[in-house]
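In the order they appear, the protein sequences are chains A and B. Counting along the first sequence from 1, when you hit position 227 you're at 227 in the working numbering, and nothing is skipped either side. Counting along the second sequence from 1, when you hit position 199 you're at 1199 in the working numbering, and nothing is skipped either side.
One should not assume that every hint holds.
Unchecked claim - Just a sample of chain B residues kept apart from chain A, beta carbon distances all over 12 Å, derived:
id	residue
1	1037
2	1049
3	1070
4	1208
5	1243
6	1246
7	1259
Unchecked claim - Part of the chain B face toward chain A, derived, beta carbon under 7 Å:
id	residue
8	1126
9	1127
10	1242
No lab work stands behind these hints, which were simulated from the structure alone. We put the beta carbon where it would ideally sit given N, CA and C, even for glycine.
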Amino acid sequence: MNALEVRNVCKMFPGNLANDNISLAVRKGEIFAIVGENGAGKSTLMNIIYGIYSPTSGEILVNEKPVRIRSAEDAIALKMGMVHQEFMLIPRFTVTENIVIGDEPHKGIFFDYKRAVREVRDLSERVSLSVHPEAQVCDLPVGAQQRVEILKVLRRGAEILIFDEPTAVLTPEETGELFITMRKLQAEGKTILFISHKLKEVMEIADRIAVLRRGKLQGIVEKQDTSEEQLARMMVGRDVVLEIPHVESHVGAEAFACHDIHVRNNRGFEAVKGVSFKVHGGEIVGIAGVQGNGQDELVNAMIGFTRPLSGSMELNGSNMRLVTTAALRKQGMSYITEDRARRGLVMPYTVRDNVVMGQHLVRPFSNGRGGMRFDKIAEFAEGKVREYDIRPGDIYDTAGSLSGGNQQKLILARELSLPHNFLIASQPTRGLDVGATEFVYHKLLEEKQAGKAILLISLELSEIMGLADRILVLFEGRIVGETTPDKTTEEALGLLMLGVGVDTKVAS
Amino acid sequence: MSDNRNIVRWIRSAFGFDRQSNGRGDPLKILVPLVSIALALILGMVVIAVSGRDPFEAYALLFGDSGLIPGSASWKREFAELLLKTALYSATGLSIAMAFKAGLFNIGAEGQFWVGAIAATFIGYWGPFAHLPRVIHPAVCILFAMLAGGCWAALAGYLKVKRGVNEVIGTIMLNWTAWFLITGWLVLGPMAPIATKFISGTYYIAETAKLTRIMPPTRLNTSILIALVAAYATWFLLYKTTIGYEIRAIGHTAVLGMEAPRAQGINVNKRIVQAMFLAGALSGLGGAFFILGLQFQFPNTAIMGYGWTGIGIALIGQGEPFGVILSSLFIAALRTGATSMQVAGIPKTFSNIIEGLAVGFIALQVAVRFYLVKLMERRRLRKAAPESKEAV
């Protein structure tokens, strides 16, 4: 029996056919994955199923009955539930308050908090998703917040659960826990739709996999009949080299060095506790570590957002004490950020306006007297759009309208065109599909060959192992190990990242 | 043909809905205020009708005497009043629009207006400057008014940057500070004429400091021309200079606490203070218009409301400099016409109601936008439907 079926669904946005005649059926009790590149139409399809968009044409069947879903309320009434990528939780509310919101148990006009807590505790025991019902959501780690989201959906009686890129925000361990949860839900007879572009995860958890490319359904395959390579080919439309080629380069002069720096995080705790390392021209130094072990604070100190408590940093031989971000960039620092929306781009600005930010004060982009030369900027932007294949390719599109991969290409175009010899790449492939990831790797290796010094901070072990010449492992604000890819394995690194076998006395 | 296209292109860029300035080439930017005004006028008719008066007669009076429509005997005078008001409102409107562009909410246009006005008064009568030639004298007055207003606002910017004081709080506090400094001390003490006890308020400014009248016998003066220049200068600064580029980038990211401009090496704090200065200078310009063109002294009674009106003006004008000029013209027309409507026995309040409704609909612009988009999409689909059938 099919729990959910869509037939010939089309969705047209002005100038863009986001879903082109898609038909697929999800069997009851299976884990069904939908994969595709950023902008392939996965989210549009889910939003149609969940009633947020109305389809231009086509029909939806739930439990083999045709239905009209006009809003999320309709979808909930049909026993569907969506676990969003960005959690829809109120940070200051407790777990219980967040789970029951919108459908609170009450005594007359009063909210019956005690009964709500009881209900939440019963529910979490029944589905064995452990949460503390009275903890405040803002105090919980991301994985636990996701459990709260799932409980919220289950409490409304959802039988079909839609997970929209649920692992994007999770650490590897949390992803593992999520998969255990999903299996449990499957065992209870729930149907699960799993949206992702991480092929490894899809191969691990899904029963059947649908591949979307540019709004079209490329095919539906059984897990046992396919491989990561085949899925990647279907997604991108050509063979993808997931292997990272080895590039030899000449190691040059020291570009960046830091000595025993200590940095506070924004809550006032010391998050980087004495880190020292050097990066030379022509080498990629990788920093491995589980998220939240001081990476963000380290980067913030390096780009001049926060001042280190103590220690010193040198960029191209000059001391970086009390300098501004602008001065650092003038000194030859480029920065690729993982947080494209927050730090990378001004989303309402056009591609043209974004691509020169940071060098907009220099000729030929300004006339030297405070005026912008938009004709020259447009010329430059056209060139970069072609060179980096930024799609759809109109320099007057806003950055916010581009897909994640193209946004990252835009950031690369900007950062690599700045005069620089030191590049900080902080999770440069986060949230990117295989095609864009391949592009980023390619560019980083090009940079290395050109003799630039690169610091690569990543949570993906395969990325670090493939790209880096030297690997530093960051754990709880300290560097607990230094190695090279040929002397270690992903497993050994993984253990080191979790602090296993680290003698704290030696580390400090 | 190509001439026409150039004009259209110029207008689109002036009102900020070309693809170069906002990427989307968003026609809604101009449709939303027009629809809001139309809705306000329609709803205003209902209100007038409900109160038992003839809405058509009321509107005929309101717009007939607003100075917009030539013909009546008193037209020349009304037209002059209309443009004088337009100049005043567009100064504070531009001030708030400028701050909006930097992601700042300048509630303090009122105070900056007063500070500008008192500075213009002082330079207007003060001995050492009193014998400047005719054109130079008002120019110097305006310069100092803008400087004073600008510094007053920059203070709020400085507090925001250095001490984390929200600019809304900062500017409101500075409003009251300006209020008590001026009406409680300057006007009564140092700047009050001692010899003649019969004059209330400050000294009158010198003849040479007054703005030149350009359409005698009416009191229309050069303020409207200066306002147009100010609007052009604001537009040029925002869209053609590096400062404007940085200010707009900050404005686009400020509300959500984004850090993109800072990460690209833009000195955000400096630009915030500068944007506040520019906003304050524009309000100060309004103060100078008021003193040099209309009042000629800082009165004992307060000058109220120009700063607050500016907020509505900037909202209707969508924060675009030339949009501000048009929306000031609209509000000025309502207020000019209101007087003669009142003479005919229809309360002046009705024009205030229309004004309030227009601003209200603008505030609801998310909703207005939503329905406009829906309407447009439906039309596009209807148009597209036959074509796509052919294509299949």
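Here is how each hint holds up against the structure:
The non-interface label for residue 1037 of chain B is consistent with chain A: the shortest C-beta to C-beta separation is roughly 25 Å, beyond 12 Å. The beta carbon of residue 1049 of chain B sits about 36 Å from the closest Cβ of chain A, which is more than 12 Å, so the claim that it is off the interface holds. Distance check on residue 1070 of chain B: its Cβ is at least 40 Å (rounded) from any Cβ of chain A, clearing the 12 Å threshold; non-interface status holds. With a cut of 12 Å on Cβ distances, residue 1208 of chain B stays outside the contact zone with chain A, its closest approach being about 34 Å.
Residue placement check: residue 1243 of chain B does not keep its beta carbon more than 12 Å from all beta carbons of chain A (closest about 6 Å). Under the 12 Å C-beta cut-off, the non-interface status given to residue 1246 of chain B relative to chain A is violated; the minimum distance is some 8 Å. Listed as a non-interface residue, residue 1259 of chain B fails to keep its Cβ farther than 12 Å from every Cβ of chain A; the least gap is roughly 5 Å. Hint status for residue 1126 of chain B: violated, given a least beta-carbon distance of 33 Å to chain A, over 7 Å.
Because the closest C-beta pair between residue 1127 of chain B and chain A is about 37 Å apart, greater than 7 Å, the hint is violated. Look at residue 1242 of chain B: its Cβ gets to within about 5 Å of chain A, closer than 7 Å, so that hint holds up.
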